[in-house]
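Work out the full structure: start from the sequences and follow the hints.
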Amino acid sequence: MNLNSLKTGPDAYGKFGIHGGRFVAETLMPLILDVENAYEKAIKDQSFINDLDMYRRDYIGRPSPLYFAERLTEHFGGAKIYLKRDELNHTGAHKINNVIGQILLAKNMGKNKIIAETGAGQHGVATATACALFGFECEVFMGAKDIERQKSNVQRMQLLGAKINPVTSGTGTLKDAMNDALRYWVSNANTHFYIIGTAAGPHPYPKMVRDFQSIIGEEAKKQILEKENQLPNALVACIGGGSNALGLFHPFLDDEEVEIFGVEAAGKGLNSNLHAASLTAGSPGVLHGNRTYLLQDDDGQIIDAHSISAGLDYPGIGPEHSWLHDIGRIKYLSTTDEQSLDAFKLCSRLEGIIPALEPAHALHITGKLASERKGQIIIMNMCGRGDKDLSAVLPLIIKNDS
Amino acid sequence: MYTMDRIKKTFDKLYEENKKALGIFVTAGDPNFESSLKLITSLPDNGADFIEIGMPFSDPMADGPSIQLSSQRALKSGMNIKKCLSLIKIFREKNNHTPIILMGYYNPIYKFGKEKFISNCVELGVDALIVVDLPPEEDDELYFEAEKNNLSMIRLVTPTTDEKRLKKILLNATGFVYYVSITGITGTQAPNVKSVQANIKKIKKVTDLPIVIGFGIRSPAQAILMAEVSDGIVIGSAVVDLIRKTLDNEGNSNDEGFVACLELTKEISSAIQHN
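Line order of the protein sequences matches chains P and W. Read left to right, the first sequence gives residues 1 to 402 (our numbering). Read left to right, the second sequence gives residues 1001 to 1275 (our numbering).
Hints are supplied without guarantee of correctness; some may be wrong.
Claimed, not checked - Stretch by stretch, here's where chain P covers chain W in the computed footprint (C-beta under 8 Å, at least three residues):
no., segment
1, 1074 to 1088
2, 1102 to 1112
3, 1125 to 1135
4, 1161 to 1174
5, 1183 to 1195
6, 1225 to 1234
Claimed, not checked - In the DSBU-like style, the derived pairs of lysine-lysine whose C-alpha atoms are separated by at most 35 Å in a straight line are:
no., chain 1, residue 1, chain 2, residue 2
7, P, K345, P, K15
8, W, K1019, P, K113
9, P, K145, W, K1009
10, W, K1266, W, K1201
11, W, K1194, P, K111
12, P, K111, W, K1167
13, P, K163, W, K1194
14, W, K1019, W, K1009
15, W, K1167, W, K1114
No lab work stands behind these hints, which were simulated from the structure alone. Glycine residues also receive a C-beta, built at the ideal position from the N, C-alpha and C atoms.
Encoded structure:
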C-alpha cells in the first residue's frame, strides 16, 4: 500500500478511515462477500475489461466530451469553466457507467435477476435499460412520493420492461426504497443481484461504484491536458450519495494542486431542517450497510432529507466522501433549491444545455468560484440532463419570472 | 458474572424438564411506555421463558411490515434507548429471573455511546444483545466490549450461512444461538421444517449452546414443528400484529390488546407443551 496516496482505500474491511464497513444482517453477509470476490476477480480479467470498454464506447457513447463553456465563463468573468458532458451518455446521466459494470458482474456470477433502488429515477432507468440489453429481469424499488414527481422516468422504466415496486414504508422516498430493496434482496438472496446506484452501501459497493464511475475523471484528466496542457485548478460536482463526484474526483485525489469541491443540497437552507447536507449538518452513524455522515436526531433515528432535486434527496452520503471530508482533502459546500433553479435557467439560456437539477447545484458553486479565480481552470461534472425535471421546474421558473 | 447466568439457568432448567423455551418479542414503547411495560411484566407468568425487547429504529432493514409498523408506533410515542433502559429497570425490580434480550439496530446504540450503553445494560440486568446489522465482520464495534463485560452478544445463523462461516460465527459464542429460519425478513414467510432441521443439525455439530429459532413463526402449529427441532422459539410479528389490531382510533392500546397478546403467549406455550 502506498501511504502517500489517497487512492488506495478502502482497507481490507471496507473502511475509509472510520467510515464504510459491512453493517448488514447475517443473511446478506455471505452474498456481499461473494460480490466482493467476484468483483476483485473480474477487474483483473481481461475479457471483463474488454467487455466493459466495448459497452462504454459503443453503447454509452464514451468518452464524453470535455466542453469549454465560453458563455458561462464570460458571464462569471473569472476562471475558464469546462463541463464534463456526462449528460450526453445514453440514458442521460452518469448512472449508466456504474450499471453496465455491475450488470456485467452479475452476468459473470450467473445472476440474471436484478434489483435496484431509485430516487429521481435515473438509476432506475439506467438499470432497466441494461436489463433490457442483457435480457435480465428487473425490479425497481421507488418511493411512492418519487413515483409521483418523476412520472416520465417511471414510464420509461415500464417501457423498458422493468417492474416498479412502489415503496410506501417509512416516508416513501429514496432511503425507504433502499430499505425495501435490501429487504427484497434478503428474501431473494440466492437468485438476485442488487445493483446499488451510488457509492454507498456495504463494502464492496462504495469501492466498486467509485471504480466504475472513475472513467469520468480519467477521461477529464486526459482531455484537459490535451486542451490546456495543465491540470485544472479546481473540480466541482454535486453530491447526493456522491458517485458522480467521486467518479470525477478520484483520479485527481493525489494531485495536490487541484482543489476539489463537493456540493450538497441545502434545500430551503441549512437552518431550515429541510435540506440534504449530511456532511455539513449531519454526524457519523450507521445506515444501509455503512458508517458515514447522516442526518439523524439525538436518538440516532434517521431524519428525512429534503431537496428540490430527487437525486440529492438522501439523508446519507458515500463513506469515501465522509473520509475525504474528515481529512480535509475535499471541501464540501452547499446550494439551496432556489440557487439551483437560477443556475438551471442560466445554463439553459447561456449554453443551450438544460442541466438536471442535481448538476445545477454544482453550477451555482462553480459560478461563485469562477468569479473569484481569474486565470484559473475549473472542471464541473455535468452529470445529467434536465428533461426529467421539466414538469417540476417549469411552474417554479414561470412563477419566479412573473 | 451473573447476567449470563439467567440465560443458562433458564435453558438448563427447561432441559432438565424436557421442555422447550418460548421467547416473546415486543417493541419497547409500542404503542406507549406504560402499555408495553405492563405487557412485558405480565409475559413471564403467561408462559414466556425469555423476553426480547425491541429498541425501535427508523430504518429496520431486516424487519417485515409488522415490526416496521410496531417500531414506528414506538418512535411516535417517544421511545428511545434511555427510556427503554428505564423500562427494563422497572421490570427488574419485580422480576430477577427472566432473561431479557435487547434487540435492535446499531445506529441508536452508536449514537447513545457504546461503552455507556453496555455498562447501563449490565447494571440494569440485561442479559444479552442482538444487533441485527453487526455481523462478525464488525465485532470491533460492540461484540468484544460486550463480551468483556459478560453481556452476551447473540450470534445469528441463517440459511445462507455455510459450514465454514458457521465455525467462524460460533467461535466463542455465548448465551444461545439464534437461528433465522427463513431467507427473509421478520414475519413474512413460513419456515420449511426439513431444511430448518438439517441446518440445526449442522449447528449442533459446532456448538453446545441452546439453539433458538425465530423470524418466521406465527402460528401454534408452526411453533410445535419448530420447537421439536430446536431448544426454543421466538414469536414476534404475530404479537405486535395483535397490538396493532386492537388499537383504538387515537392509536392507544386497551385491555383487549393486552389480553390478546397474553392469550397468544399462553396458547403457544401450551402448544409446545412446556407447561
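Hint by hint, work out which the structure violates, then give me just those numbers in ascending order. Checked against the structure, the hints that fail are numbers 6, 7, 8, 9, while the rest are satisfied.
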